[in-house]
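Engineer: Residue-level listing of the chains:
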Amino acid sequence: MKVLMTEYLRIDLEKETWECRVCNHEIGPAKRNYKEGMLVHDRDPREIHPPIIDPEKYRFTFSPDPEWVRILEYYCPKCGTQVETEYAIPGHPPLYDMEVDLAALREQWSGREEVLEPVRGPEVVLGAGHGGH
Amino acid sequence: MSETNVSTAAKTPSAEEIALIKKFLNDTTLFLGPDPEIMRRHDLMPRSEAEEAAMQVVNDVHVTAKIRDRVQAGCDEGFEMVEAMGAAPGAKWGDVITGVYTASGDLAIASAGGVLIFSTLVHHPIKFIIKNWMNDPTVGVREGDGFIHNDSRYGNVHNTDQSMILPIFWDGKLVCWVASTVHEGENGAIEPGGMPSMAETSFDEGLKMSPFRVVENYQIKRDVLTFLQNSVREPKLQFEDMKVKLYACLRIKQRVEETLRTDGPQALISTLRLTMENVRAEVVRRIREWPDMTVRTYIIQDSTLRENCVVKINCQLTKTGDRLIFDFRGSSPEFTNRATNTVLAGLKGMIAQMFLCYVWPDLPRGQAAFAPIEVVTDPNSIVDCSYDAPNSQSLMSIFTGFTAAQHAVAKFLYSCPEKYTKVHAPTFNMINTFIWGGVSQHGETLGNLCADLNGMGHGARSDSDGEPALAPIFATMADIGEQELNEEEVPFLQLVSKKMTKDAIAPGKYRGGQGYTMMVATKDSEQWGFMTVCQGAKIPPMQGLFGGYSCGAYPLCKVKGVDVYDVLLDEPHKFKHSIAEIMNEQPFEGASYTTHHMGMGFEISKRGEMFMISQGAGAGYGDLLEREPRAVIKDIEEGLISEGVAEKLYKVKFDHATLAINQDATRELRDKERKDRVRRGVPYAQFVETWNTPKPPAHLQYFGCWGDDVGTLYVGSPEITREADKPKPNYMRHPKDVRIDELEARLAELGALGDEKK
Ligand SMILES: [Zn+2]
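Here the protein sequences come in this chain order: A and B.
Sequence positions in the first sequence follow the working numbering and run 1122 to 1254.
Sequence positions in the second sequence follow the working numbering and run 515 to 1272.
These are calculated hints, taken from the structure and not from any lab test.
All C-beta atoms in this analysis are idealised placements derived from N, C-alpha and C, irrespective of residue type, glycine included.
Hints may contain errors.
Restraint-style ranges between C-beta atoms, simulated for each label pair [stated by the list, open to error]:
| # | chain 1 | residue 1 | chain 2 | residue 2 | range |
| --- | --- | --- | --- | --- | --- |
| 1 | B | Glu657 | A | Tyr1217 | 55 to 65 Å |
| 2 | A | Tyr1217 | B | Arg1194 | 19 to 29 Å |
| 3 | A | Asp1133 | B | Lys1189 | 25 to 35 Å |
Same shape as in the complex, but just chain A:
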């Protein structure tokens, strides 16, 4: 059975691996940080958040300060999908952001049907609130 963990990652409970949901690439052991199987790019934040006012004239420009913060972009090494971003202080070790208890996950899903398409959750629609009025 496979569990959809994020928009781009799933865990194969039998093989105990992280997998890419876009290209089925086997990223690495589910008992470890999936980031270890990723490619990383240190992105200058000004490339994503462009200056709105002239950086030649002004100290603050609507762009983050590249000496204060960087964007770590994590790519699937096979298909190049951007699986995760991390706004990081320069030099700060990347976070082990999802440390899964695999045995507990297996136990939990032993009583569940496999979910193949992500469950999106309810729409907010008029008249669907408390008391239905």
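With chain A fixed as given, assemble chain B with the ligand onto it according to the hints.
Structural biologist: The following block gives chain B with the ligand in isolation, referenced to the frame of chain A:
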């Protein structure tokens, strides 16, 4: 203690002596400060005897559902009264709440609209009143009493919120409490508007109302009222809203008494208790469905509102079985002389309302939904500050703490088969608005803020974009107000208002909801000024989700040496309607154009000088190369993004004249970008070898842990550390002293200091 050489047996007092010591200490307490027993606890009080008895008699779900609906309707009625009649700008836009509390002080049912965090923090002052005043012969709690409170160290978010609290009796017995809370604004602090960023001690923060009686026989006591009015800049506001809150409470009381008459006190008591216990049990059940996992994240505050520096909010969220633990250890130590600290209860209240507004909005709004969840912090940290630390800008830390929690929770929710809302990226979390004060065109002294703080952009969802300028993170149902109505009372105009700020984006497969531009200029007063109290001019205050990006940075821009009203009269073509045009084109000759971080202390303005800011965007979700090209074009059409930025980021090829998409060229561009990523990306193991550093960078004034070692906190420099559980003061120097030192050093270098005596 082990070093004592007196035998311990000789020192152990008897039970009788202990009782005597306790009585002595109780009778001679010098000062009833905030009580840690009350302030650190957020779980429900144990069932009282009266509750046990009532639950034996009344437990039919139809009866309790009926009573719950009636009490809920009463709360909503009270809420609408405050919103309609309140004098505070905050009241008019829904920064208000009402609620019914059990006899022991727990919030059982809150109004459906309004700022939930207020009421999740009013159980503390009620419990203080129960513990200290109820049996005190000099105070007591009687029918017809009303208590006021604002000091956040006794409960509450910050001192600008004031509560009115009424006990409700039936047959001479206390059956419950009702309370109403409003973000009042003015409170006599060092700066107008109630949320001073210049506060360096708690004594700069204005009124410090521990809970006390201000209403007797349902009448506001004039002597106490006069003292309060005399302590603030807006005596009219103080009086009006005390009355409004009192009458809202009386209306809820009336509704509660109607159910007491028809169903009896036991039905009410049982309903309140069962509502809380059922919600608590349901929350535990829902948590159990999450995967067992630890999620780590951090959010950076890039200023104290006085100076730019790097302040870490560290969050590790662990779910094991039916336990959920927020661990904020490793976050920055508190600032001894800066206002951005929060008391622990404020952080908890904010996370509680994150669950009730964004994760489980179907649950009855009350204290129970957060009751089973645990929170761990370092003592005297920015998210759990001491009694002495100023906290008038606690919003900075409860909002970034909220975002850390929101970001972490999303990673648990994705895999859950049952969802109550959509998984979404963080909501924008800064109050990008103008706080204002001075003497109005009508000669009145005022201090308050623009409701634009409620126009935060929302985070993208797992299947759709975030909504622009939707609602504040602390209330999903609040309004951004009518600027024209505001302008009748205040001597300034918003020359540009609610126009989306182009290219201030949070990209992703689904983009974050964007924020809008605000340009203000004073017109009809010579005694009027503004302040702004936000972080995020250098570092975005959020993280993106699942490959989406956060928002960018948001500065403050000023144009001085111009009277823009003269320009509008004489040369209207020179006026421009975007920050980009005004700052880049500099259309007003002789004016000065400057940029600043968003912590502007109160600044007196001259007629026609412009202050310009933008509300922020919620974070993006997913890989931006997966964004529908049509959605990108729609953003261009709606003025959210420029053609160049859209092309460069989203890799969409289109005709600039017709905006027709070239699908094949777009596919090619995107395929190429994916290949380019694989080419430029560095394998993780290799990347961390060059990226990771053992300490924070020397060029940043950094506060908090570095990496996994949460036991060691850096305090402003890679060379200064302390143990996280051994608090010490953390003083910041006055930014002007820092600047003077820099300038003097330059003078000394040039030999220009001469023989100035030291
Ligand atoms: Zn892949």
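Engineer: Now tell me if each hint is right for this structure.
Structural biologist: Checked hints:
1. Against the hinted window of 55 to 65 Å, the Cβ-Cβ separation of glutamate 657/B and tyrosine 1217/A comes to about 58 Å, which satisfies the hint.
2. Our hint of 19 to 29 Å for tyrosine 1217/A and arginine 1194/B holds, since their Cβ atoms are close to 24 Å apart.
3. The hinted window of 25 to 35 Å between aspartate 1133/A and lysine 1189/B holds, with their beta carbons roughly 26 Å apart.
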